[in-house]
Each structure stands twice: as C-alpha cells, then as structure tokens.
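Which chain is which? The protein sequence lines are X and C, in order.
When we follow my numbering, the leftmost residue of the first sequence carries the number 1, and every step to the right adds one.
When we follow my numbering, the leftmost residue of the second sequence carries the number 1, and every step to the right adds one.
Read the hints as simulated data drawn from the structure, not as lab findings.
If you're wondering where the values come from, they're calculated on a predicted model, not measured in any experiment.
Among the clues, some could well be false.
[Claimed, not checked] With a Cα cut of at most 20 angstroms, we get these calculated EDC-like pairs of lysine to aspartate or glutamate:
#1 X:K252 / X:E69
#2 X:K75 / C:E519
#3 X:K120 / X:E138
#4 X:K72 / C:D417
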Amino acid sequence: MTSQPDHYYLPAPSHWPVTGSTALFCMALGAVLAMNNAPGAGWTLIGLGAAIMIYMLFGWFGTVIRESESGKFNKQVDVSFRWGMSWFIFSEVMFFAAFFGALFYMRVLSVPWLGELDQKLLWPDFTSTWPAAGPGIEGQFTPMGAWGIPAINTLLLLSSGATVTWAHWGLKLNNRGQLKLGLFLTILLGVLFLGLQAYEYGHAYSELNLKLTTGAYGATFFMLTGFHGFHVTLGAIMLTVIFFRSLAGHFKPESHFAFEAVSWYWHFVDVVWLLLFVLVYWL
Amino acid sequence: MEAVHAHEHGHEHHPSGIMRWVTTTNHKDIGTLYLWFSFTMFMVGGVMALIIRSELFQPGLQVVNPDFFNQMTTLHGLIMVFGAIMPAFVGFANWQIPMMSGAPDMAFPRMNNWSFWLLPPAALLLIISLFVPGGAAAAGWTLYAPLTVQLGMGMDLTIFAVHILGMSSIMGSINIITTILNLRAPGMNMMKMPLFVWTWLITAYLLIAVMPVLAGAVTMTLTDRHFGTHFFNAAGGGDPVLFQHIFWFFGHPEVYIIAIPAFGVVSQVIPAFSRKPLFGYTSMVYATSSIAILSFLVWAHHMYTVGMPVQAQLFYMYATMLIAVPTGVKVFNWVATMWKGSLTFETPMLFAIGFLFLFTMGGFSGLVLSITPVDIQLHDTYYVVAHFHYVMVAGALFSAFAGVYFWLPKWTGRMYDETLGKWHFWLTMIFFNVTFFVQHFLGLAGMPRRIPDYALQFADFNMISSIGAFGFGLSQVFFLYIVLKAIRSGEKSPERPWEGADTLEWTMLPTPAPYHSFETPPVIK
Numbered sequence: 001m002t003s004q005p006d007h008y009y010l011p012a013p014s015h016w017p018v019t020g021s022t023a024l025f026c027m028a029l030g031a032v033l034a035m036n037n038a039p040g041a042g043w044t045l046i047g048l049g050a051a052i053m054i055y056m057l058f059g060w061f062g063t064v065i066r067e068s069e070s071g072k073f074n075k076q077v078d079v080s081f082r083w084g085m086s087w088f089i090f091s092e093v094m095f096f097a098a099f100f101g102a103l104f105y106m107r108v109l110s111v112p113w114l115g116e117l118d119q120k121l122l123w124p125d126f127t128s129t130w131p132a133a134g135p136g137i138e139g140q141f142t143p144m145g146a147w148g149i150p151a152i153n154t155l156l157l158l159s160s161g162a163t164v165t166w167a168h169w170g171l172k173l174n175n176r177g178q179l180k181l182g183l184f185l186t187i188l189l190g191v192l193f194l195g196l197q198a199y200e201y202g203h204a205y206s207e208l209n210l211k212l213t214t215g216a217y218g219a220t221f222f223m224l225t226g227f228h229g230f231h232v233t234l235g236a237i238m239l240t241v242i243f244f245r246s247l248a249g250h251f252k253p254e255s256h257f258a259f260e261a262v263s264w265y266w267h268f269v270d271v272v273w274l275l276l277f278v279l280v281y282w283l
Numbered sequence: 001m002e003a004v005h006a007h008e009h010g011h012e013h014h015p016s017g018i019m020r021w022v023t024t025t026n027h028k029d030i031g032t033l034y035l036w037f038s039f040t041m042f043m044v045g046g047v048m049a050l051i052i053r054s055e056l057f058q059p060g061l062q063v064v065n066p067d068f069f070n071q072m073t074t075l076h077g078l079i080m081v082f083g084a085i086m087p088a089f090v091g092f093a094n095w096q097i098p099m100m101s102g103a104p105d106m107a108f109p110r111m112n113n114w115s116f117w118l119l120p121p122a123a124l125l126l127i128i129s130l131f132v133p134g135g136a137a138a139a140g141w142t143l144y145a146p147l148t149v150q151l152g153m154g155m156d157l158t159i160f161a162v163h164i165l166g167m168s169s170i171m172g173s174i175n176i177i178t179t180i181l182n183l184r185a186p187g188m189n190m191m192k193m194p195l196f197v198w199t200w201l202i203t204a205y206l207l208i209a210v211m212p213v214l215a216g217a218v219t220m221t222l223t224d225r226h227f228g229t230h231f232f233n234a235a236g237g238g239d240p241v242l243f244q245h246i247f248w249f250f251g252h253p254e255v256y257i258i259a260i261p262a263f264g265v266v267s268q269v270i271p272a273f274s275r276k277p278l279f280g281y282t283s284m285v286y287a288t289s290s291i292a293i294l295s296f297l298v299w300a301h302h303m304y305t306v307g308m309p310v311q312a313q314l315f316y317m318y319a320t321m322l323i324a325v326p327t328g329v330k331v332f333n334w335v336a337t338m339w340k341g342s343l344t345f346e347t348p349m350l351f352a353i354g355f356l357f358l359f360t361m362g363g364f365s366g367l368v369l370s371i372t373p374v375d376i377q378l379h380d381t382y383y384v385v386a387h388f389h390y391v392m393v394a395g396a397l398f399s400a401f402a403g404v405y406f407w408l409p410k411w412t413g414r415m416y417d418e419t420l421g422k423w424h425f426w427l428t429m430i431f432f433n434v435t436f437f438v439q440h441f442l443g444l445a446g447m448p449r450r451i452p453d454y455a456l457q458f459a460d461f462n463m464i465s466s467i468g469a470f471g472f473g474l475s476q477v478f479f480l481y482i483v484l485k486a487i488r489s490g491e492k493s494p495e496r497p498w499e500g501a502d503t504l505e506w507t508m509l510p511t512p513a514p515y516h517s518f519e520t521p522p523v524i525k
C-alpha cells in the first residue's frame with residue numbers, strides 16, 4: 001500500500017477525450033475511403049483527423065504538463081502514472097508478440113509444411129528453406145544480412161539507451177547540462193537509427209528485390225521492423241518533448257515521472273530491437 | 001478563486017446538458033454512460049438476432065438474402081461481445097470499483113472518459129459498414145481469413161472499429177488495474193477486497209494481454225487485403241489457419257473476460273441474499289486466477305477440425321478439461337454459500353440463481369465440446385451456438401441483470417418494482433430456455449450454424465427457437481420499462497435495502513451514492 005495523502009487529484013471535466021475520438025473516427029473513415037477507390041475524400045479526412053489529433057495531443061498533454069508543474073500531483077498520483085505506463089508498455093509487448101508469433105508460425109510450421117510431399121501436386125518445385133517467400137511468389141530476392149546496417153543500428157540503439165540513462169543521472173544530480181546533452185544525444189542517435197532504417201528499406205526495394213509483397217519473409221520482415229520503426233519515431237517525438245521541457249526548466253531531481261516514462265518506453269523499443277536483430281536479421 | 005477551488009476539489013465548474021456527459025470525468029457518470037450505451041447496443045444486436053431467427057423460423061429463404069443473413073450473424077456477434085456485454089461490465093466496474101475499494105474515483109478520470117467515448121465512433125463505423133457497397137463484414141464475428149481478405153470495404157470499417165474498441169478496452173483496463181492497485185483505502189488489503197473487485201483485476205489483466213493480439217490479427221488482415229502481404233495466403237508461405245491461432249489466442253481469454261466479471265457480480269449477490277459471507281473467499285480468488293492463466297493455454301480447442309497433430313489435440317483437450325476444476329470450485333462455493341443461509345429470493349438473487357443453473361449447464365456442454373472426437377462431430381453446429389449462448393446470455397447477461405437490480409437502489413436512490421422484476425426474471429428464464437435449449441438438439445442432429453436455410457427435419461425445433469427468441473427480446477423491452485419506472489417513480493430506497501450486503505458502498509456511503517464518494521479515504525478495520 002502506498003502512502004495516503006488526503007486528496008487524490010481529480011481533473012475537471014475535459015473535452016480532450018472526445019476531441020481525440022473525433023480525430024480517430026475521421027482518420028479511420030478516411031483510411032477506409034483512401035483504400036477503396038476514393039483517395040481524394042479519404043486523404044482529406046485523414047488529414048483533418050490527423051490535424052485534430054495533433055491539436056488534441058498538444059492540448060491534453062499541455063494540460064497535464066501544466067498540472068504537473070503547478071504541483072497538483074502528489075506521490076499517489078505519481079504511483080498511478082507508474083502503474084499506467086507499465087501496463088501500457090505491457091500491452092505494446094503483446095502487440096509485438098502477435099507479429100513475432102506470426103513469424104515463428106510461418107518459419108517453423110507453415111513454410112516447412114508447404115515443402116512437404118502433400119503439397120507436391122500443387123507446388124512441385126518448392127523446397128522449404130528459410131528465408132522463403134513461399135511457393136507462389138515469382139522472382140528471386142536476397143534476404144537482409146545482419147552484419148551491415150542492422151549491426152550498426154543495434155550499436156546506435158544500445159548507445160542511445162546508455163545516453164538516456166546518463167541524462168537521467170544528470171537530472172538526479174541536478175546537473176542540467178548533462179541532462180540536456182544526454183537527451184540531445186539520445187534523440188540524435190534515434191534519428192540516425194531511423195535514417196539508416198529508411199536507407200535499408202530503400203536498399204531492400206531497389207537492390208535486393210525484397211518487398212512487403214515478398215511472401216512470408218517480406219511480410220514479417222517489413223511488418224516487424226516497420227512497427228518497430230514506428231515506435232522508435234514515437235519514442236523520438238516523446239524524447240523531443242521532454243528535451244524541450246528540460247530546456248524550459250521542467251523536472252526536479254526528486255520528481256520527473258514524464259522523463260522516466262519516456263526512458264522506459266525507449267528501453268522497451270530497444271529490447272524489441274534486440275529481439276528483432278536476433279530473430280529477424282541474424283538467425 | 002475558481003482556480004483555488006478547482007485545486008481543492010478537482011471539479012467545481014460543470015458543463016450542463018449534453019456537454020456534462022461528453023466531458024465528464026466522474027466515474028459514476030461514465031459508468032452510467034457505459035451502461036446505457038451497452039443497453040442500446042444490446043437492443044441493436046438483439047434486433048439483428050431477431051432478423052436471424054425470423055429467417056430461420058421456417059426452412060427455405062423468406063426474409064433476407066443469404067449474404068445479408070451472414071452480415072447479421074457477424075454484426076450480431078461483434079456488437080453483442082464488444083458493444084453490449086463488455087461495456088456493461090465496464091459500466092459496473094466504473095460505478096462499483098471506486099465505491100467498493102474506498103477510492104475517490106478512477107485513477108485516470110480523463111482517460112476513463114476517453115475509454116467510453118471511443119465506443120460510439122467504433123459502433124458508428126460498424127453501423128456505417130451496413131450501408132457501404134458490398135455491405136458489412138459477413139465472415140462471422142471470428143473474422144476468419146481467407147473470407148475476410150476477400151470481402152468489400154465493410155470489412156475495412158470493421159477492422160478499424162476493432163482497433164478503436166481495442167484501444168478503449170486497453171485504456172479502460174489500465175485504469176481499472178491502477179485504481180485497484182493504487183487507490184484502495186488504507187486497510188483494504190488485497191485479500192479483503194470484495195470479489196467483484198478481484199474479478200475485475202484479473203479481467204483487466206487478461207484484456208491488456210490479449211486485445212493487442214487481436215489488433216495484430218486484424219492489422220495482418222488489413223495488410224493482406226490492401227498492401228500485398230501474405231500472412232494468410234499459402235502461396236506466400238502464410239496460412240489461413242495462422243489467423244485462427246492468433247484470433248483464438250485473443251478469443252479464448254476473451255470468453256473469460258466476459259465471464260469473470262459476471263462471476264464477480266454473482267459473488268456479491270449470492271452472499272447478500274443468503275445473509276452469509278461468501279464461502280471459500282480465498283479459494284475463489286485462486287480459482288479465478290487459475291482460470292485466467294489456463295485461458296491462455298487452450299485456444300486451439302476452437303480449431304480441432306482444421307488439422308492438428310494428435311498430440312496437440314490431446315494437449316488442448318486435457319488443458320480445456322482442467323478449466324472445469326477451478327470453475328467447479330466456484331460453483332461449489334456459490335452453492336455452499338447458500339447452504340443453511342437465510343435465503344430470500346428478490347430479483348437479483350433470482351437472476352444469480354438462474355445464472356448458477358444455466359451457466360453450469362453451459363459449462364457442461366463446454367466440457368462435452370472439449371472432447372476432441374465429440375467436437376469433430378459438433379464443430380460449427382447449433383450445439384456450439386447453444387453452448388456459448390448458455391455461458392454468454394445465461395451467464396454474463398443474467399449476471400448483469402442481477403447486478404442492475406442489486407445496485408440500482410444505490411445508484412438512483414429508488415427501488416425497482418419487485419413484482420415486475422420477478423416477472424422479468426421468469427419471462428427471461430423461460431424464453432431463454434425455449435430459444436436455446438432446443439438448439440442443443442438441432443446441433444446434435446447436425447444442423448450447421450451460420451446458414452440461412454436448413455433441412456426439413458430441423459423445422460420444428462427452429463420454429464420453437466424463433467418463438468422463444470421473440471419472447472426473449474420483448475422481455476428485455478419490459479426490462480427497460482422496469483428500469484425507467486424505477487428511476488422516474490420508484491419508491492425511495494431505504495439506506496440499506498439489502499441487509500445482507502456488507503461491502504463499503506452499502507456500509508459507508510449514503511443511498512443514493514453522492515456524486516463524489518470517499519474524497520477522503522475511509523479507514524477499513
């Protein structure tokens with residue numbers, strides 16, 4: 001049981017949630033239209049939804065930041081935030097688990113099955129090896145090697161884990177310079193990672209003939225690394241927010257949960273990458 | 001001055017009218033929204049069920065065309081699961097968890113609002129899907145590939161609706177877990193929590209674990225449909241069965257996500273009307289937790305007929321049967337709670353006992369279906385339909401009714417009409433069995449599910465089932481009348497209408513419960 005203060009902070013009625021719902025509705029409907037022969041209306045709705053979403057994120061997070069800076073959150077609220085962020089990261093872990101599950105299933109079960117005797121009538125020439133695109137995919141492709149860019153990216157992300165921790169030490173010791181420099185370096189490493197990842201995708205499409213449509217290998221490769229890259233992007237945006245908050249003098253050595261939440265998220269993204277590196281690129 | 005006030009009490013300036021409900025951060029308001037939304041969706045899904053039963057009233061095709069029939073079975077399932085039953089129990093959670101654990105509100109009141117207000121857009125997407133070219137998704141609520149890869153744009157709307165519903169569930173669950181773990185009153189240790197709170201802790205954990213997996217599954221469907229991936233296409237090394245694995249990894253825990261809060265409600269109602277503490281509280285907690293853990297290990301029992309090594313079939317069969325053990329513990333404990341109690345049979349207790357009988361029957365038919373060779377005969381027949389309606393309707397829905405009648409006096413300060421409540425129970429009980437009991441026979445005789453037409457020998461039982469369904473549906477309109485009558489002109493409820501109920505909301509709060517309860521935490525001895 002946590003320490004009990006007299007009052008738990010209960011926020012006033014807020015229009016931000018319903019603004020977010022409106023944004024999501026527009027984006028969902030827009031995406032459906034864009035994918036089904038109405039790209040004009042679709043992209044307009046997506047743009048509108050995205051604009052509302054950005055407005056909502058600024059507004060909602062802005063409110064929370066102001067509440068935090070004016071000292072409305074006591075110890076108990078802080079513990080709530082910790083539980084909340086932990087369970088959110090757990091839900092993200094399970095999202096990735098679905099795609100890792102698909103990778104294992106294809107690699108261990110469905111691709112070998114397709115190479116078995118039962119399937120010879122339909123696909124006489126297919127022999128199952130990994131990486132494989134599957135028996136019905138035309139053309140050859142080259143799988144992505146592990147020891148080029150992916151290895152460099154591993155180093156980049158691992159270093160960024162170290163720099164964010166270094167920044168955290170700086171914050172705890174009230175060494176603001178170290179905090180700002182550490183965060184700046186972390187963002188830089190994250191952006192560098194994304195740049196190399198984009199280059200790798202270009203390389204895959206133009207030279208390796210490795211595409212999203214390249215069967216089992218292509219689908220799992222791009223969906224897993226793509227969702228990871230998306231999460232790195234989100235993490236980098238979050239880091240940028242707390243970088244600017246550090247510049248504005250936010251966070252105290254004894255209370256800085258937003259910083260910790262972002263660093264947890266960043267470490268989570270890091271761990272997912274290590275799994276990707278071993279299971280998608282290397283083995 | 002305003003700012004000082006807001007700082008002191010959280011909210012002092014309330015928008016009125018509709019904006020009160022749109023912007024509210026109060027757990028009771030949000031609970032009310034969830035419950036009304038759930039009832040609305042229950043009616044929408046119910047009308048779809050009646051369209052299905054009208055078509056099946058007689059053999060041949062009379063009312064709708066087969067494709068629309070498929071859309072109805074799909075939307076009926078999705079709407080009842082995600083729109084009616086789950087939100088109903090989240091509504092109970094919102095009202096009851098803070099009051100039962102001595103918390104001032106939910107841990108994240110604004111996120112709580114968002115969890116609710118994500119539901120209407122998702123429901124709207126599902127409803128819109130009925131009117132787009134090609135109509136709504138028509139692959140069954142399980143959304144199996146490859147059918148879902150081939151459907152029209154209604155399927156895309158369904159996919160995004162599922163994504164938004166998933167976000168809602170995940171945020172709602174994070175809120176519930178955090179409230180339970182961090183906002184309990186001093187002295188309310190884990191093993192003193194009312195069982196309803198425990199069941200929601202476990203349910204919320206299950207939701208956070210599996211909703212993202214469902215999101216992953218429908219995302220793969222989306223990319224297979226529009227972006228050329230081959231997750232569910234053998235030509236690209238994928239497998240349609242992969243979808244079933246991922247879906248049921250979500251789907252089986254989902255069954256318990258629906259059932260476990262229902263267990264929680266019943267575990268509050270039965271002791272109250274037996275005037276005895278719950279028998280075997282500790283074993284209830286452990287049994288519920290074991291059910292939750294086992295629920296992750298049994299998913300392929302939905303897939304016995306897709307082709308699986310015999311060892312795997314044996315594993316899933318025995319693991320499924322194992323779930324009967326903790327479930328048996330629970331049923332035993334409920335019965336033992338009533339043993340030598342001083343029982344009275346008000347409407348909540350009637351629904352709880354109805355739950356106990358019918359849910360146990362649903363459990364037994366589940367045990368029958370867990371046996372692989374038997375299931376291979378019964379797979380996708382009306383026996384399965386009968387089985388899961390015994391656990392979903394007679395289980396979850398009956399328990400929700402018990403909860404509404406039980407807590408309505410606390411929420412509104414008014415009593416429902418006991419005579420009408422009893423009528424509602426008996427009508428529901430009888431028509432439920434008329435509708436679904438005969439479906440066991442239909443399934444055993446081989447009638448397949450999700451088909452708008454059937455062979456002549458099934459005609460009589462189908463006619464009985466359809467008559468029962470209309471009776472059941474009308475009884476629920478009657479329920480709406482009972483609730484409205486109670487809210488508008490019901491007798492004023494005494495402070496403690498049920499003298500056997502001893503959780504915090506009854507012992508430490510006035511009736512009706514004030515808008516803000518436990519602003520300063522109560523001390524639990």
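Tested hints:
no.: 1; hint: X:K252 / X:E69; result: holds (10 angstroms)
no.: 2; hint: X:K75 / C:E519; result: holds (16 angstroms)
no.: 3; hint: X:K120 / X:E138; result: holds (17 angstroms)
no.: 4; hint: X:K72 / C:D417; result: violated (45 angstroms)
In this structure, the one hint that does not hold is number 4.
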